[in-house]
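J.: Put chain B on the given structure of chain A with help from the hints.
Sequence lines, in order, name chains A and B.
Under this note's numbering, the letters of the first sequence match residues 1 to 903, in that order.
Under this note's numbering, the letters of the second sequence match residues 1 to 121, in that order.
Accuracy of the hints is not assured; some may be wrong.
What the hints assert, rightly or not - With the C-beta cut set under 8 Å, the calculated list includes, among others, these residues of chain B facing chain A:
hint, residue
1, G32
2, Y33
3, I36
4, G44
5, L50
Stated by the list, open to error - In silico negatives: residues of chain B with every beta carbon more than 12 Å from chain A:
hint, residue
6, I35
7, E68
8, D71
9, A110
Stated by the list, open to error - Chain B is nowhere near these chain A residues, computed Cβ spacing over 12 Å in every case:
hint, residue
10, S62
11, I366
12, M827
These are calculated hints, taken from the structure and not from any lab test.
Quantities reported herein were computed from a predicted structural model and do not represent experimental measurements.
Yeah, the Cβ is synthetic: ideal placement off N, Cα and C, and Gly gets one too.
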Amino acid sequence: MRLAGKERNREGGSRRSGRGLWTVLFRLALLTQPRDWRDRYGDEATEAFAGGVARRKSEAGSVAALRYALKALVDALESGFRERITASRRAASGAKQSAVGRFLDTLRADLRYAHRVLLKRPSFTLPVLITLALGIGANTAIFSVVDAVILKPLPYRDAERLVQVREITPQGFGFTVSPPNFASLRDQARALEDATAYRETLLTLTGGELPEAIWGVRVSAGFFEFLGAPPALGRSFLPEEDEAGAHPTVILSHGAWQRRFGGSPATLGSTMVLDGVPRTIVGVLPRGFRFAEGDPEVWLPQEFTERDVSLRGRHFLQVLTRLRPGTELETALEEMRTIWSGLEEQYPETNAGWSVTAFPLLQYVIGDARTPLLVLLGSAGLVLLIACANVANLSLARVERRGRELAIRSALGGSRTRLIRQLLTEHLVLGIMGGVLGLGLAYLAVDRLLVLFQGQLPRADAVAVNGAVLLFAFIVSLGVGVLTGLAPVVQGTSPDLFGALRGTGTRLGQAWAHGSVRRTFVIAEVALALMLVMGTGLMLNSFVRLTRVDLGFQKENLLTGQISLPAARYQTAAERALFFQTISDDLERNVEVVAAAAVGVLPLTGSYTHVFDVPGAPEDAMWQAEDRLVTPGYFRTMRIPLLSGRGFQQTDGVDAPLVAVVNETFAHQLYQDGRAVGRRVKFKGAPDEESWEIVGVVGNTRQFGVRTESPATLYRPHSQINPPSSMALVVRSAGSPRDLATTLRETVRTLDAALPIYQLATMEDRVSDSLTSERVMLVLLGLFGFIAVVLGAIGIFGVMSYSVSQRTTEMGVRIALGGAPRDVLTMVVLQGMKLAALGVVLGIVGSLALGRILTDVLFGVEPGDPVTLGAVTALIAVVSLTACLLPARRAAAVDPAESLRQD
Amino acid sequence: MNKKLPAPEANLPLPAQLFHVLLGLGDDTLHGYGIIQAYEALTGGRETLLPGSLYGTLNRMVHAGLLEEADPPPAQTSGGPPRRYYRATAYGKAVARAESERLERLLAAARARKTVPEQSR
Chain A
1 MRLAGKERNR EGGSRRSGRG LWTVLFRLAL LTQPRDWRDR YGDEATEAFA GGVARRKSEA
61 GSVAALRYAL KALVDALESG FRERITASRR AASGAKQSAV GRFLDTLRAD LRYAHRVLLK
121 RPSFTLPVLI TLALGIGANT AIFSVVDAVI LKPLPYRDAE RLVQVREITP QGFGFTVSPP
181 NFASLRDQAR ALEDATAYRE TLLTLTGGEL PEAIWGVRVS AGFFEFLGAP PALGRSFLPE
241 EDEAGAHPTV ILSHGAWQRR FGGSPATLGS TMVLDGVPRT IVGVLPRGFR FAEGDPEVWL
301 PQEFTERDVS LRGRHFLQVL TRLRPGTELE TALEEMRTIW SGLEEQYPET NAGWSVTAFP
361 LLQYVIGDAR TPLLVLLGSA GLVLLIACAN VANLSLARVE RRGRELAIRS ALGGSRTRLI
421 RQLLTEHLVL GIMGGVLGLG LAYLAVDRLL VLFQGQLPRA DAVAVNGAVL LFAFIVSLGV
481 GVLTGLAPVV QGTSPDLFGA LRGTGTRLGQ AWAHGSVRRT FVIAEVALAL MLVMGTGLML
541 NSFVRLTRVD LGFQKENLLT GQISLPAARY QTAAERALFF QTISDDLERN VEVVAAAAVG
601 VLPLTGSYTH VFDVPGAPED AMWQAEDRLV TPGYFRTMRI PLLSGRGFQQ TDGVDAPLVA
661 VVNETFAHQL YQDGRAVGRR VKFKGAPDEE SWEIVGVVGN TRQFGVRTES PATLYRPHSQ
721 INPPSSMALV VRSAGSPRDL ATTLRETVRT LDAALPIYQL ATMEDRVSDS LTSERVMLVL
781 LGLFGFIAVV LGAIGIFGVM SYSVSQRTTE MGVRIALGGA PRDVLTMVVL QGMKLAALGV
841 VLGIVGSLAL GRILTDVLFG VEPGDPVTLG AVTALIAVVS LTACLLPARR AAAVDPAESL
901 RQD
Chain B
1 MNKKLPAPEA NLPLPAQLFH VLLGLGDDTL HGYGIIQAYE ALTGGRETLL PGSLYGTLNR
61 MVHAGLLEEA DPPPAQTSGG PPRRYYRATA YGKAVARAES ERLERLLAAA RARKTVPEQS
121 R
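For reference, chain A alone in the conformation it holds in the complex:
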């Protein structure tokens, strides 16, 4: 163990320099251990704990470190209580009362006393409890979300070894995997224990009153066993069902089984018609099993066709793998890359330029929800700190008022430690009571929080106030008790009790000099409040910018919906093209409809990229553009402006020359003169006669979301190509677009009674939904910022009021000696504002330092945006000034004769 000595030295050094929050919490947890235990092992145990956290942090990231820290804390608390119980049992059986027994007795007495004191002074206890409950509640609520979304492992077997594998297109986009590539991966990868594939799919369920679109997932045989959740009823899919031709089967989710079949066991063996195919129900999944978003109702076998398994170029599988125990993701990825370059050599025509990537399934599931949640948790933490500073200040004032009582107790032989313990117990009781209230608040808040997320939070169903959350609240409450108790303890038990006993307190100018602890708290409060308000300001700023982004089309008065034509009844391209043309025409015949059209992929929602050859462009250039198939009325319906040339017409049919319309970005990226009309493009690798003449240029529209600039886009008439079976309808209304929903449904029904229309939503709602995460952050940060400013103002007000009340004599003397009341007012205001100014400076520094965290979340605003910073500073200054003015006016109104008589 030579190495251990070296390592220990390093950790010993870091232990002395950086004492993290976790270490403090661990020390607190150790308080549950008997005193002599702590004397003997406290330092060593803390060192081991800090070392364990540090090692996990550097080796496995902060989440692993956090998980370890929580586990170790619970372990410390538990073993502490166990030690105590053993010790007190031993004491009870022994004749003489042990130290532990004495401690417990004292604790009981302290608790009783604390309750009495706190109940006797509701004017102190109540505001403190409200402040703490708000602070702890906010933290607990946010933590319960963070715990469920980020910290908790996914509910699958060996979830921490699950890895999502995706291919990377030659253009660098993440993409689905083709079945032959998946087979190569499964056969060749040695770092993987197992692999399985799935693909989400939308199905039309018929047999009920109305046709219905429901989500389903096609999975490989063994998928449920892979996740450790075999069907609760019936069987899993069989290997032969991976291929087309087997008898069609289906497995139901537990929810679908309950909703659609009343949970009857006789469901097994009955049929369900999906996409026109009758399928035998062979299984029901266990309750609570969740996979993929949108909680799919039905699970289908892969049923790969001959074509599916032979074409390497057709990518449509999601691939999930499990690493071998002890294998690092990086090692596995290295191996996958090797496999993929092998494939590239072997099958250049389909695999050239394709690569592979892999990341933990959890990361795939959480997506970009991580940063906002952590920012919110951090902000809630700042609010709690402000709350603590306020409570500590209130306690300080109270301790000074109680000075005489404490002095008497001290004079009567109460030991200093006994007094400290009494004061600490009071604050721990306050902390715990605040924690209980806060837990209640959190419990109420969590549901509302989830509503705010509008179903866009991954893993939201796992959010609950559970054991981990309770533990969190408990630890935070203890921490709050100690934090708020420290200052009063130091002040209240400092040796200068004789002054208190004399009953004079402090005199004249001394008062201001004395309250330095409280002034420090106020400065910190102002600084923290400024940082929070700055965060809010930045979010507000970027949110306003996001809502003002020119999307390139008119989002008002637009209703959108999705239609999928079942392949069984719409077999040919002509049938599909005709359907989408007819429905657009039929819709336009309604008086409430201004225009209607269909498009392959709606703006803002996603990507459908193609690679083009541009005659005349450099050989090696790879032109890629978004490809959108549209009916002729699309530009008119969306109000996308035509910049030059013409749009599509009904005459641009299957027999007419191939035509295309491009957007501005396309025209400028591909042609130096920006003049695209009259030029030709073709797909990479397509024969020359299959080239498309550009007949028009239209304005840019945001395709990938509000935040992302418009990509180069090529529009083609849906009738000139093989149109997809699924297209989106866009309908522009004269009045409210919501009123059109019935018209739209009726029109579809007239054309095809067995066809469902789904994802019906106005374009405005879609845009607004896409900004949900930003909205949640804005609302919550705004709320936190507001609480922070109110608490900060109360803090300044409290300290200045207290200082004025302590200095009535000084004010009286000043005025009696000829000082104008105005001068007294100015003096007090200046003293208060000096604190505020210091806080503001520190807050600005803090904002600039921490602002980087927000970079990912902000849009069009820099984290250190001077305008926002200026506005926020001004706001804090005004609030501080107001909070100073009230006590200052009281000071200026002091009657000198009255004040001098007081002493």
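T.: Below, chain B without anything else, positioned relative to chain A:
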């Protein structure tokens, strides 16, 4: 501490944490954190001992005669808090061996019942 110790087998089945400590120690003389590190290294980082309960366990193990406190090895007199060093007593090693044999028998039984795949050996 010269009381008569029970036969090693009388301690079986050994509580898991005790067994883990004995495994982590082996023949070395280590302090608490050293035991944690050694045990983690031994299990490829997949198992750990938590500090909150470890030290109480060590104390109990000393009282039970499984461990004894020892002087620090000469090379390890660096800074940091004063540490207690431990090593397994002959009796402790005998208990660990007895527990290993018990587990071995269990594993053999599990193999016979095919609850353990063969290659996991």
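J.: Look at each hint and say if it fits the structure.
T.: Structure-based check of all given hints:
1. G32: Cβ of B:G32 sits 5 Å from chain A, so the hint holds.
2. Y33: Cβ of B:Y33 sits 4 Å from chain A, so the hint holds.
3. I36: holds, 6 Å
4. G44: holds, 6 Å
5. L50: Holds. Min distance 4 Å.
6. I35: About 9 Å separates B:I35 from the closest Cβ of chain A, which leaves it inside 12 Å; violated.
7. E68: Holds: least Cβ distance 16 Å, greater than 12 Å.
8. D71: holds, 15 Å
9. A110: holds, 18 Å
10. S62: With a cut-off of 12 Å, A:S62 remains clear of chain B, as the shortest Cβ separation is near 17 Å.
11. I366: holds, 24 Å
12. M827: holds, 51 Å
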